[in-house]
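When you get a sec, could you build the whole thing from the sequences and use the hints?
One-letter residues, chain by chain:
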Amino acid sequence: MKLSLHPLDLKLLRDLWHMRGQVLAIAAVIMGGVATLVMSLSTYDSLTTTRDRFYAEYRLAEVFAVLKRAPESAAERLRAVPGVDRLETRVRAGVKLEVQGFSDPITGMLLSVPDSGLSLLNELHMKRGRRVEPYSSDEVVVSDTFAEGHRLEPGDRIAAIINGKRKALTVVGVAVSPEYVYQIAPGSMFPDFKRYGVLWMGRNALGAAYDMEGAFNSVTATLERGAHVQEVIDRFDGILANYGGTGAYPRKDQFSNRFLSEELKQLQTMATVFPAIFLGVAAFLLNVVISRLIALQREQIAILKAFGYAHQAIAAHFVKFVMVVVVIGVAAGTALGAWFGRGLSDVYMETTFRFPYLDYLLNAGVVLMALAVSALAAVSGTLVAVFRAARLTPAEGMRPETPTLYRATIIERLGLQRWLTAPSRMIARHIERRPVKSLLTILGIACASGLMMVGNYQKGAIDFMVDVQFRHAAREDLALTFIEPTSGKALHELAALPGVVHVEGFRDVPAILRFQNHSHRAALYGIQPDGSLHRSLDRTLQPIAVPAGGVVLTDHLASKMLQVRPGDMLSVEILEGRRRTVELPVLGITQQYLGVSAYMQKESLNELLREGNVVTGAYLAVEPGREAEVYADLHERPRVLGMVANATAIRSFYATIGEFVLFYNLVATVLAGAIGFGVVYNSARIALSEGGRELASLRVLGFTRGEIAYILLGELAVLALVAIPVGMLVGIGLVGILVVAFESELYRLPLILTAENYAMGATVIVVSALLSGGLVWRQLGRLDLIGVLKTRE
Amino acid sequence: MDIAEQHELVFRARGLTKIYRMGEVEVKALRGIDLDLHAGELVVLLGPSGSGKSTLLNILGGLDTPTAGDVYYLDHNLTAAGDRDLTLFRRDHVGFVFQFYNLIPSLTARENVAVVTEISTAPMRPEEALALVGLGERLDHFPAQLSGGEQQRVAIARAIAKNPAVLLCDEPTGALDSQTGVVVLEALEKVNRDLGTLTVLITHNAGIAAMADRVVRLSDGHVVESRANATKLPAHALSW
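Which chain is which? The protein sequence lines are C and U, in order.
Heads up: the first sequence begins at 1 in the working numbering, then just goes up one per residue.
Heads up: the second sequence begins at 1001 in the working numbering, then just goes up one per residue.
Don't take every hint at face value.
Beta-carbon label-pair distances, calculated as ranges [stated by the list, open to error]: (1) Arg434/C to Asp1140/U: 34 to 40 Å; (2) Glu1008/U to Thr704/C: 26 to 32 Å; (3) Val436/C to Glu1137/U: 31 to 37 Å.
Think about it this way: if two alpha-carbon atoms lie no more than 25 Å apart in a straight line, the pair counts; the simulated SDA-like pairs of lysine to any residue are [as the list claims (entries may be wrong)]: (4) Lys1028/U to His1204/U; (5) Lys265/C to Gly214/C; (6) Lys1028/U to Ile786/C; (7) Lys1190/U to Met1124/U; (8) Lys437/C to Pro1105/U; (9) Lys165/C to Gly214/C; (10) Lys1028/U to Leu785/C; (11) Lys1028/U to Asp359/C; (12) Lys11/C to Met349/C; (13) Lys437/C to His1204/U; (14) Lys1028/U to Gly787/C; (15) Lys1028/U to Ala490/C; (16) Lys437/C to Ala1144/U.
Hints are computed from structural coordinates only; laboratory data are not their basis.
The beta carbon of each residue, even a glycine, is placed where N, CA and C say it ideally should be.
See below:
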């Protein structure tokens, strides 16, 4: 059977084939947009679905509370709170861990699991091994990140210092928990698989080891459908106040879940901002290309209309052309986006989030949405040109287009023309003749550069954050926490340890900060105002001494979360002891990129708590090379609960984010390359098509290929050169959007762009320009010198 | 005495053959042309369309190469020249005028001439060349602001400004009405007379032949006639 196509469709196919270079270049830009859209949304869908399924199947609690100690009988009162569905009490113990052959300090969280049957809530998913045998005294299940960090397998032996007593433990299983999808040590900045572990132990065994027999210090609950979360929390707080409760909190404030939500929110941002850029550029390119195609086919269109083709048929013809480009772009973008999405999901699974499984999902809806959005952008970009084609009367179409009127450029009006050769004037006038097109071209190229900068931005930003955090603010080598508030005299003991150079104590207490209708639960830190290790920084990153009698807040906490300004009075509810609420003036703002905190002078906080010289932890400076010795010493001290060593934390953090950085660099390079090449190559081809006759005439007059290339590519070179600084501005703008969009209480990205970022941005432009220039140079060799003289334009 | 014999031989073509392949079809545009052209001559190439006039002119001007035969410009063999040499040949020695002007729309009249003088070794000033064709007053107009005849005269000024040895004109009045055409021809006549440039003019309009020193008639790829014009008319006396 002979396939018969409508002649107009045949024309369409041939036009497409003839313009395949440009078609592919535009499709590549659309591909970039669709790829980011599909990558972000499919990863978002996958993580959301996986999370929801994991939370539901393993019954993650909806309300969490931590307290000092309550008898098991108190649980009945909690269960009786209206709206509570299931409630489970447990023992949680902060511990020091020991793993054979690893000398750095390891902190751990030991959580109890019921000895009778499965947990009601926060059930474990066993990856290997088995659950803890009921009433066994030394069996533990370890979190899979910790197992991975130390290559632990069921049967391995580790030890924990629980309440100052060493206890040998046997690993019987490896698990993930919905409560610890994201695992990070309290007070730590980054996940560290080796130096922080969550372990689960039988309730009786842990109760015995932690002096919590018949008592609990942690409670979690799910709610009945329709229950009011805040009411339940308030009732819990009322009941637990007598037992040293530090305030119940809902699932949305649960750390792991909150971090996961933030990350998902960022994926949504990626799914809007970046595709919008790509599709905007694609719309512009299609407009330019279709406008040119219509200009070239003016007479053909006129003839078709003379034969009786209706406006709609002509318009449909060009819309079809655009749609073919869109479909190619969407198909390629979906494939690339699915690949990126899988890659991104894998990176998440390996480095950040621990789910028992990952359901990678590419919804048909996402693809349809990509198609719809791309088609909308592309068609709206070309609609003006198509409309003009459809409106052309046949007689008008068959007349030549009125010649373009050029004017002297601003350069000449300024009297600078004697500095320009005729070819240079041609370049200047071409650019000036169509300022909008020139501007959009510059903007398009600049977008490529900006995207490249965004893709490469993270590394520098993270370096900067780490530098600020660890070399300016938290300069201690080691931060340790005591098991409970301790006399400041303990600091002298620490200072006397061999290898310890300097010690500064701190007092921290959980508190709820309130201002007007805003509130936030944060740690209130009392630090030494004259301290040289742990310091507050001002906006210029200079250390500031915390004044007496008030609080200094992290910038984000003050301006975004509490909307409080220096001078305002903050209501502070201390979640310890007698749970006093006091009014404190805000005395300053400190710049901090990681986390949010409130700072006071240690003495002021001690006074507020009506206690003497009490500390909860200390910052230590350690003589280089003697860290292991100091760790070992501190490890033996029963009052020392946990230690965080900054240098090792930074190293492990870089190992974790390395993959992310590489992944984003890869994505950014591919996509920025697509945009850069798409815009530059199309501009060059259009310029060649429009100026071909002129250039051929000049060749006839004796210009060499190099000389006409100067005219054609010179225009592009000027646009590309202008695009470099514009690209840098676009880069700054995009990074600014990113910074604002990713801002959360967990961290804020600094708006820092390095020389390397700028260089990468410029490189994309230069490489795209050279590549396109090379391709067009070949075309210039094939100019038809004779043909051009025989035909009227 | 014939001009041809007093003056230096500029072009010498022998056995020029040009065969185009247009898809499946072979087109024999030139079938063995022998032709001598001398300095200072004004030669009109006459012939119907498809007779090979333009092909011959393109080969003489270094825009095309013959399939067989030789063409010499002075003592340079154009047949053997590559793209680079032909570009230089056009740049230094040939002025072209085309039916459709082929001006650069983004350049003014003066600049359209300057675009050539900038790359020439001993050009006249653009203003001078434009004055020669009677456009001394319209130097700073863009092509879109000039009439057809004016545009064609800019093209002539552009062609002659480099002081070429030869001026090749392909239907220079083809797109113009007769009155405007005469003005353009007057410009060509003046250039030929004042500068002594060998001028070859293609036309299918026999009326124009009266202003030539010599008329060469082509048909079907052959030179069928080459005759000196006994009574040469000034351009202003022509009409068609």
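Hints, one by one, checked against the model:
no., hint, result
1, Arg434/C to Asp1140/U: 34 to 40 Å, "violated (22 Å)"
2, Glu1008/U to Thr704/C: 26 to 32 Å, "holds (28 Å)"
3, Val436/C to Glu1137/U: 31 to 37 Å, "holds (35 Å)"
4, Lys1028/U to His1204/U, "holds (20 Å)"
5, Lys265/C to Gly214/C, "violated (42 Å)"
6, Lys1028/U to Ile786/C, "holds (17 Å)"
7, Lys1190/U to Met1124/U, "holds (15 Å)"
8, Lys437/C to Pro1105/U, "holds (18 Å)"
9, Lys165/C to Gly214/C, "holds (20 Å)"
10, Lys1028/U to Leu785/C, "holds (20 Å)"
11, Lys1028/U to Asp359/C, "violated (71 Å)"
12, Lys11/C to Met349/C, "violated (50 Å)"
13, Lys437/C to His1204/U, "violated (43 Å)"
14, Lys1028/U to Gly787/C, "holds (17 Å)"
15, Lys1028/U to Ala490/C, "violated (108 Å)"
16, Lys437/C to Ala1144/U, "holds (21 Å)"
Figure legend: structure checked against the earlier numbered hints; hints not met, in rising order: 1, 5, 11, 12, 13, 15.
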